[in-house]
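Colleague: Going line by line, the protein sequences match chains D and H.
First residue of the first sequence? That's 860 in this note's numbering, and the numbers climb one at a time after it.
First residue of the second sequence? That's 860 in this note's numbering, and the numbers climb one at a time after it.
Please note that a few of the clues may not be correct.
[Unchecked claim] Within a straight-line C-alpha distance of at most 25 angstroms, the following computed SDA-like cross-link-like pairs (lysine to any residue) qualify:
no.: 1; chain 1: H; residue 1: Lys1106; chain 2: D; residue 2: Lys1156
no.: 2; chain 1: D; residue 1: Lys1156; chain 2: D; residue 2: Val1104
no.: 3; chain 1: H; residue 1: Lys1106; chain 2: D; residue 2: Arg875
no.: 4; chain 1: H; residue 1: Lys917; chain 2: D; residue 2: Ala1220
no.: 5; chain 1: D; residue 1: Lys1106; chain 2: H; residue 2: Arg1103
no.: 6; chain 1: D; residue 1: Lys1106; chain 2: H; residue 2: Gly1105
[Claimed, not checked] Now the stretches of chain H that chain D is said to cover, found in silico as 3 or more residues with beta-carbon under 8 angstroms:
no.: 7; segment: 911–922
no.: 8; segment: 1013–1019
no.: 9; segment: 1084–1098
no.: 10; segment: 1203–1216
no.: 11; segment: 1294–1305
These are computed hints drawn from the structure, not numbers from a lab.
As the structure is a computational prediction, the values presented were derived from the model and not from experiment.
All C-beta atoms in this analysis are idealised placements derived from N, C-alpha and C, irrespective of residue type, glycine included.
There are 2 protein chains.
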Amino acid sequence: MDTELTALTIAEAGQRIRAKVLSPVDVTEAYLARMEALNPRLNAYVLPTADRARDDAKRAEAEIAGGNYRGPLHGIPIGLKDLYDTAGIRTSGGCKAYEDRVPAEDSTVARKLREAGAVLLGKLNTHELAYGTTTNNYWYGPTRNPWDTEMVPGGSSGGSGAATIASLAAGTMGTDTGGSIRIPASLCSCVGLKPTYGRVSKAGVMMMSWQLDHPGPLTRTVRDAAIMLSAVEGYDPRDACTERVGKVDYESAFTAGMEGLVVGVPRTYFFETLDEEVRSAVEAALEVFRRAGATVKHVELASFREPFAAIFNMVRTEATQFHAERMAANRDGFSPELQAILGQPPLSGLDYVAAQRAMMAYKEAVRAALEEVSVLVVPTTMAPASPIGASGVNVGGAELPHGIAYAGLTAPFNAAGVPALSLPCGFTAGGLPIGMQIVGRPFDEWTVIRAGHAYEQLTEWHKRRPALG
Amino acid sequence: MDTELTALTIAEAGQRIRAKVLSPVDVTEAYLARMEALNPRLNAYVLPTADRARDDAKRAEAEIAGGNYRGPLHGIPIGLKDLYDTAGIRTSGGCKAYEDRVPAEDSTVARKLREAGAVLLGKLNTHELAYGTTTNNYWYGPTRNPWDTEMVPGGSSGGSGAATIASLAAGTMGTDTGGSIRIPASLCSCVGLKPTYGRVSKAGVMMMSWQLDHPGPLTRTVRDAAIMLSAVEGYDPRDACTERVGKVDYESAFTAGMEGLVVGVPRTYFFETLDEEVRSAVEAALEVFRRAGATVKHVELASFREPFAAIFNMVRTEATQFHAERMAANRDGFSPELQAILGQPPLSGLDYVAAQRAMMAYKEAVRAALEEVSVLVVPTTMAPASPIGASGVNVGGAELPHGIAYAGLTAPFNAAGVPALSLPCGFTAGGLPIGMQIVGRPFDEWTVIRAGHAYEQLTEWHKRRPALG
Chain D
860 MDTELTALTI AEAGQRIRAK VLSPVDVTEA YLARMEALNP RLNAYVLPTA DRARDDAKRA
920 EAEIAGGNYR GPLHGIPIGL KDLYDTAGIR TSGGCKAYED RVPAEDSTVA RKLREAGAVL
980 LGKLNTHELA YGTTTNNYWY GPTRNPWDTE MVPGGSSGGS GAATIASLAA GTMGTDTGGS
1040 IRIPASLCSC VGLKPTYGRV SKAGVMMMSW QLDHPGPLTR TVRDAAIMLS AVEGYDPRDA
1100 CTERVGKVDY ESAFTAGMEG LVVGVPRTYF FETLDEEVRS AVEAALEVFR RAGATVKHVE
1160 LASFREPFAA IFNMVRTEAT QFHAERMAAN RDGFSPELQA ILGQPPLSGL DYVAAQRAMM
1220 AYKEAVRAAL EEVSVLVVPT TMAPASPIGA SGVNVGGAEL PHGIAYAGLT APFNAAGVPA
1280 LSLPCGFTAG GLPIGMQIVG RPFDEWTVIR AGHAYEQLTE WHKRRPALG
Chain H
860 MDTELTALTI AEAGQRIRAK VLSPVDVTEA YLARMEALNP RLNAYVLPTA DRARDDAKRA
920 EAEIAGGNYR GPLHGIPIGL KDLYDTAGIR TSGGCKAYED RVPAEDSTVA RKLREAGAVL
980 LGKLNTHELA YGTTTNNYWY GPTRNPWDTE MVPGGSSGGS GAATIASLAA GTMGTDTGGS
1040 IRIPASLCSC VGLKPTYGRV SKAGVMMMSW QLDHPGPLTR TVRDAAIMLS AVEGYDPRDA
1100 CTERVGKVDY ESAFTAGMEG LVVGVPRTYF FETLDEEVRS AVEAALEVFR RAGATVKHVE
1160 LASFREPFAA IFNMVRTEAT QFHAERMAAN RDGFSPELQA ILGQPPLSGL DYVAAQRAMM
1220 AYKEAVRAAL EEVSVLVVPT TMAPASPIGA SGVNVGGAEL PHGIAYAGLT APFNAAGVPA
1280 LSLPCGFTAG GLPIGMQIVG RPFDEWTVIR AGHAYEQLTE WHKRRPALG
């Protein structure tokens, strides 16, 4: 396999493509070959789209040869979680009940990536309908963690996380309702960015909860995440929740460094229940911030324990409404797990409103905490990857449900709607990745990217790759 | 009465105060005298705060004398709808069940106005808990329309509308969940601005529907609305729904004129059921736009008829949840009208989610329509003011419920969350005001203000005042 080409970051490959020293066709063929070799082991892609990829690559090559360079994603091979509508390509959300779904139109994100000249390698596995944190898909089988194929990659964007770190794509798009971008980023050692609610369009993305769904990229570096964000962000009349906020120059974030940065650490709730290796890695990361000139200080932030239950039920009520028609028509097209979840009684209208108000109150608490600091830093998951098929996650000797151990520290920032970046900050003695989150003020992705990039420059974690041959 | 001082707009009074040729104390005394003379007839204020006003005015005078001029609201007497929390001053929302509510803290809007140096004249009447369009308050009595005291001023911010046009305040703040700023603006011949959802903080404003409530100003000119908006707008950690959007220079909107403006007219739904004098006035206004160099074109926009019912029930469900505790404790503290509304069964959780989705779909339709034009122009209300106590509103010979005749053309823009300005565009033969709306893209208040000001400069409607002696 030509591992040299697939080892390039988006930024590196983009520079070479722009300089016409790297051919989009060659880099695409390298990825397709690697997918053919490794996807059977990892099951990251549920639907490779090799023909489409080759067409995209040839078009990119011709355009660039003709002097029409579109930008840093031109000719770059990427993958999309199977929740993103792709015109003419099945989009089932990992659920048999939707396997006949072949959208006529691209999601806004798919369209923007196409227009940016990206090459579509295929559709990536997800926890069924994004409703879970392991990507142990009942219909399409489990995606396997590239660092240890007996382990889960996290989810629901597990296919995206596994493909990104295994170099089966230069970058991928995931979706994040309670942590579904950041959890696989943490468990697979990727960078995963959940942008501010309203920065990236959800139009044409299969809905789980319209209030908490966030589309965003998974990449191997913070810079690559910024490149993908730039391509997909922006106001979209087709998504009522997108906001008219101006274009951001993320390039300037890469030179801003640590100096003057104020890092808030909310120890209540976020540092209470943690695997000890996760705790040590995040504490060590805070020390890196301190030494590099950032101020690290404690901030108060109310526990997410109580709002969590209400918000979880709110999400379930939304997902139940969204899937009600298919569920009525084809119950057996949903896995037993989904049938059980969506079969629970939905919230009453009054309880749903109360849950929204609990969410608003928590959102305001996060915003208040962020007034005092530039960013918050917390662990991404309470524990590293756990075995596929296990009933729960071992956190410091106790077994916690996957939804708590993996989404407990990420879901708060879906409720808050603020940008949250997960990036690698260490490995366990057993060689499993550990991630931390950098959380910013609403629409202040710039500072999150600045802090993440500055940290990345001082550490080597993001350079490690799983041994896959 | 010193009608000369109370006749000044905010901009005019502000210039004189700044130049130290007008004393905040004198202008405040002029307003207090006028309130004493006219409020018994109009019932605009439910709680005048003369002592507070005199304190505010003296402080403003001293500050300005000391060279500390705060800006265009310094020393300007204003009134607040009784939904805005005011520290130490009763805030009952026009409902007996809340008459013991004396907030410890100002709402964010009240605080910002205080910090801008405005003088608080008092708390203004509202339809009980903002739940209606006539301001015929069961506990505090009806507010009367200054143009004809047998007529309603519109609502729910009827006290704000009546006080503004009767010069019982230089400007006021209202709230708008289905039209409650724009309806009284239309029926009283004021300018009323419902800003983009998320531009002005709702923190400390008694809630009706967290998804549709919009705080905003009522004034006598578009320029004055911009001055008040500038003072109160902005991100607020205390309101999870406010957005981090930059400060806007509205001053530049006053010189931009009509040239190049593209005015969209959605005739479906918005022009179907109208009083003929309202229709003529709005058509004449469109002619003013045309002659002044704007392009006026038809745009397609789906009917609001179906989403209206779902959204109305969604709002009722939210209001029911918000008032449930007081209702359980003190049912008789709510009027029979409110008991009946909030006594209806709330939506189920699934129906509530479906209503939200209907709202999102409509929002996207409005955004799509706005992609093609600078602004939309439609009538504000289907008919002018109707008699106090009437069972409905006569629209072209048929009696329609108040909620349809008055809120039917305003509520769409609460659902859409886009900025909507109501401004005077004529009078009936009987001397009752007629208003039209100028509607803009999300967070594009600038263009709405530009178009409104340009129209205002070409007409005389905004200069008419009711004959009150």
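Colleague: Taking the hints in turn, state whether each one holds.
Modeller: Hint by hint, here is what the structure shows:
no. : hint                      : verdict
1   : Lys1106(H) <-> Lys1156(D) : violated (30 angstroms)
2   : Lys1156(D) <-> Val1104(D) : violated (30 angstroms)
3   : Lys1106(H) <-> Arg875(D)  : violated (41 angstroms)
4   : Lys917(H) <-> Ala1220(D)  : violated (38 angstroms)
5   : Lys1106(D) <-> Arg1103(H) : holds (14 angstroms)
6   : Lys1106(D) <-> Gly1105(H) : holds (13 angstroms)
7   : 911–922                   : violated (count 0)
8   : 1013–1019                 : violated (count 0)
9   : 1084–1098                 : holds (count 4)
10  : 1203–1216                 : holds (count 11)
11  : 1294–1305                 : holds (count 4)
Consistency with the previously given hints fails for numbers 1, 2, 3, 4, 7, 8, ordered from lowest to highest.
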